[in-house]
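Number of protein chains: 2
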Amino acid sequence: MDGALVLWRAIHSNFKVDPVKHALSVTREQDFSAWYQAVISEADMAEESGVRGCMVIRPWGYGIWERMQKLLDDRIKATGHENCYFPLFIPLSYFEKEAEHVDGFAKEMAVVTHHRLIQKEGRLVPDPDAKLEEPLVVRPTSETVIGAAFSRWVQSWRDLPVLINQWANVVRWEMRTRMFLRTAEFLWQEGHTAHSSVDEAMEETLKMLEVYRSFAEECVALPVIAGEKPENERFPGAVATYSIEAMMQDGKALQAGTSHFLGTTFSSAQNIRFQNAEGQQELAQTTSWGMSTRMIGGLIMVHGDDDGLRVPPRVAPYQIVVVPMLRDTDEDAAVLDYCGELVTELNRQDVFREPVRALLDRRPAKAANKRWGWVKKGAPVVIEVGGRDVAGGNVSVIRRDRLYREDGKLDSQVVAKADFLGAATGMLEEIQQALFADAQARLLGNIDRSVTSLDGLKAYFGSAKKPGWALVQWAKPTGAALDKVVEWLKGEKLTLRNVPSDAEAADGLCVFTGEKAVERVLVGRSY
Amino acid sequence: MDGALVLWRAIHSNFKVDPVKHALSVTREQDFSAWYQAVISEADMAEESGVRGCMVIRPWGYGIWERMQKLLDDRIKATGHENCYFPLFIPLSYFEKEAEHVDGFAKEMAVVTHHRLIQKEGRLVPDPDAKLEEPLVVRPTSETVIGAAFSRWVQSWRDLPVLINQWANVVRWEMRTRMFLRTAEFLWQEGHTAHSSVDEAMEETLKMLEVYRSFAEECVALPVIAGEKPENERFPGAVATYSIEAMMQDGKALQAGTSHFLGTTFSSAQNIRFQNAEGQQELAQTTSWGMSTRMIGGLIMVHGDDDGLRVPPRVAPYQIVVVPMLRDTDEDAAVLDYCGELVTELNRQDVFREPVRALLDRRPAKAANKRWGWVKKGAPVVIEVGGRDVAGGNVSVIRRDRLYREDGKLDSQVVAKADFLGAATGMLEEIQQALFADAQARLLGNIDRSVTSLDGLKAYFGSAKKPGWALVQWAKPTGAALDKVVEWLKGEKLTLRNVPSDAEAADGLCVFTGEKAVERVLVGRSY
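Note that the protein sequences, when read in sequence, are chains B and E.
FYI, our numbering numbers position 216 of the first sequence as 216, with every residue one higher than the one before it.
FYI, our numbering numbers position 523 of the second sequence as 523, with every residue one higher than the one before it.
Mixed in with the good hints, there may be bad ones.
[What the hints assert, rightly or not] Output of the computed footprint for chain E on chain B, the stretches with three or more beta carbons under 8 Å from beta carbons of chain E:
no., stretch
1, 57-67
2, 79-85
3, 89-101
[As the list claims (entries may be wrong)] Dumping the calculated DMTMM-like pairs for lysine to aspartate or glutamate here, alpha-carbon to alpha-carbon at most 20 Å:
no., chain 1, residue 1, chain 2, residue 2
4, E, LYS131, B, GLU134
5, E, LYS120, B, GLU98
6, B, LYS120, E, GLU108
7, E, LYS366, B, ASP159
8, B, LYS70, E, GLU66
9, B, LYS131, E, GLU108
10, E, LYS252, E, ASP438
11, E, LYS107, B, GLU134
12, E, LYS97, B, ASP127
13, B, LYS131, E, ASP129
14, E, LYS21, E, ASP407
15, E, LYS370, B, ASP159
16, E, LYS366, E, GLU42
17, B, LYS131, E, GLU133
18, B, LYS97, E, GLU121
19, E, LYS70, B, GLU354
Since the hints were made in silico from the structure, they are not lab data.
Note that CB positions come from ideal geometry on N, CA and C, so glycine has one too.
Just chain B, same shape as in the assembly (with noise of 0.2 Å):
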């Protein structure tokens, strides 16, 4: 059995073996919420800037973050996309057009009123006489501003489809912040197009929504459920909201990506207007859908242990690094030269229709240190080189996804340098997988489908048991009926996650209002 099995075990059966003294100062079954804060500071994938609400993403965080931007926007231009890119300042003018988008974001948004500092009395201060005639917002997103570049784009029916997507940061002011999950700012990827028919519209926010499973399944390695929103839960101003939802190791969802057919609430609030091929005029039909930087909270509370963070190789900045054990003497010219080759050999080599991340560590620090520093990080693969490796022409491996043998300790395999090296891309393929399926075990046996009754799911959710989601048949009651529903929801700390595209038709019924059910939808707690 090896260690991650060991501790699987442990979590999910409440039944203490675990032997390992592990890297992380926090476990998950301490205290999940700081464990989490743990990985991201152990990990130095970002820190607290000073600034209230937003964060300081490092290196480690940022390369991640680059990683799942290249290959988002691969998907997103291998699918007819351009980007663009579009103010970050939006004139409260541009808001007041659309009443139920502005309700949504009215209570969170940064104000610019001022373009000038002075000094007053020895501090700096916005002068008075440098006042904005009309106050501008930071972007919380951007379909009013890019609504009114798409009403000057767009006369006739050949304008469309538009098919544009911007990578940018916003800012959502809000109250309770939480590193990646929730912050002031944060960056993202928000696409907007808009179609000349409801239908292309539908076919293109379901499109998105499918890029984004597949984005987050075959690169995160997080595996997804994707299906609609519930009214109340829908984007505001959208006539349909679709999201993709997964499970964090304590049982709660993340909402990971969404996308919405916004109709023409945009398009007659912002005049994107076209003549149809009938030479009548129209309004065109537009959507919009994002992913951002709370993708990264996701992969840690999925992907991370109690040694810190498992970065699947897909978007591992680095794959594989390499550790050489230096002892201050004549013989590490030849480690490092053995270590060097190593990198330059793997780097030669493509995996995932790439080429190879492989470093070489050179940092001036003690090689246990910087071991265990890439095992909180969560390197795919970390290779030790000794002098006794060179002489034998080895290398020891240790694989992040099993770090540990059944007795507890490190499983660090002596294996041939050129074994390695034939190797190495089977394995980074082979941790990919090993990290999709050990959460899609999760995320599926975690789905109960018996509940059918409100005390059934305050049972299933107060079980001492970590519950995960009930996947329940229910009404699809609208207005004061869901209002209800969902007011009982929240006195019991869940909500409404989505209608899963692919679950079964309904057969029963509705467990919230006793009439016969039209379909399922997931209760959960979440973040």
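With chain B held as given, fit chain E onto it using these hints.
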């Protein structure tokens, strides 16, 4: 004599031979400034956003920026730097710590004062109850907030150097804006490093100057003069500022990248201290360096012509665009197949150590419109394929760097498809070189080295012939003496550009003061 040369002669001899009807609505001769705006607009690169001072960067403009980002990022990483992300907002108090720095930026800072909007008499207004205790500045540059992070990261000499970079948006509230050259919000990268010694920090400063020079020349085909800025042109807070200066076709200078040695200015303000190897506390020596979307403005004004933009192949979003000439007949399918194969085979080839970027333009528009659209956008090679080409196994090749024959007709050459496939990457390399060589000849041919007096300067810059720059000897005055020089230059609408690193030693008298000269400095008009 090819078309480009005809144009070149025409422009530089004030001798009008040009028989060509050009694609752009205005020529460089007619109005250089209007021509610049016309290129941006007619090549669909960018547009006014409706938000004061902010532009929308459209796919072709943003695609060029993405290429620049990738190529520069590779070089920044290859020199040992890692990417991070720091907050958009900077508390006022961070600026108060460094007087010279804040003086340099206070007049143009966007200030966030509220974090919520409310409805009042039917309008949205900042909520008076949501006023920030300490206003936040939208970053104009990040020395202060990154310095604060460095002070957390650096304790010992072992923590140094810190070598980081950030790709971000910044805001400087410029009153007079011009697309790409000067906008309230712009995109850039800013590198920030901390070192244990002055020598190492200076080495870094010059290393990054060289990275900018080689990037500009090798990737953007933009010949530049690298050198140190005079004291009056230093970055606020810098001990020394270096720049690369490019010459536009109107003879004006554009500062295309800067690298600053900051000494202990920011380490003392932000308290970046380390224990040196001898156990003593020292202030770190820091640097910063930046390059922005301004580079796109430089690309336009160096490589554009009266038919629009000409994009060097290394930074072109598409290097080869294939336009099928369809006639709504049965032949069309064969033409499309033929074009599709061509693009597939091109994309399989490598150029500049990357895959060729070829595009099949399938949009529903007339072939002639598409051709001229790509000419205006400056795609390096446009291929047209009609039924006759398919029958003959040919393609029609238009090279953007030599658009016209001597007789003023479009130079479209019919060549065998197989020959074109064999020659395509060589052609792209040749175009890259040709654009650089043209610009280099113009730069070197328009630096006057003969001026030895103020009257000479006046005469050179007042001449009917379009002036370039003057490289003059000077005594490197400082303080009030320098102010006097700068004042005089200002009266002539001239500026000091930089002291070229590779200029020969001074051997005469200062053109400004008549004292013995110590070095040579470039004087010119500038953007």
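Pair hint B/LYS131 and E/ASP129, alpha-carbon separation not exceeding 20 Å: With a Cα-Cα distance of about 18 Å, the restraint between B/LYS131 and E/ASP129 holds, given a limit of 20 Å.
Proposed proximity, B/GLU134 with E/LYS131 (alpha carbon, max 20 Å): Roughly 17 Å separates the two Cα atoms, so the pair holds.
E/LYS97 paired with B/ASP127 [C-alpha distance capped at 20 Å]: Holds. E/LYS97 to B/ASP127 sits at ~19 Å (cutoff 20 Å).
Proposed proximity, B/ASP159 with E/LYS366 (alpha carbon, max 20 Å): holds (14 Å)
Hinted pair E/LYS70 and B/GLU354, Cα distance within 20 Å: holds (16 Å)
Hint consistency between E/LYS252 and E/ASP438 [alpha-carbon to alpha-carbon, up to 20 Å]: holds (17 Å)
20 Å Cα cutoff - pair B/LYS131, E/GLU133: holds (18 Å)
Restraint status (C-alpha distance of E/LYS370 to B/ASP159 at most 20 Å): holds (14 Å)
Outcome, coverage hint (the stretch 57-67 of chain B, chain E; C-beta under 8 Å; three residues): holds (count 7)
Pair hint outcome, E/LYS21 versus E/ASP407 [Cα-Cα no greater than 20 Å]: Distance ~12 Å between E/LYS21 and E/ASP407 Cα, so the pair holds.
20 Å Cα cutoff - pair B/LYS131, E/GLU108: It holds: about 12 Å lies between the C-alpha atoms, which stays within 20 Å.
20 Å Cα cutoff - pair B/LYS97, E/GLU121: holds (15 Å)
Checked against the numbered hints above, the structure breaks none of them.
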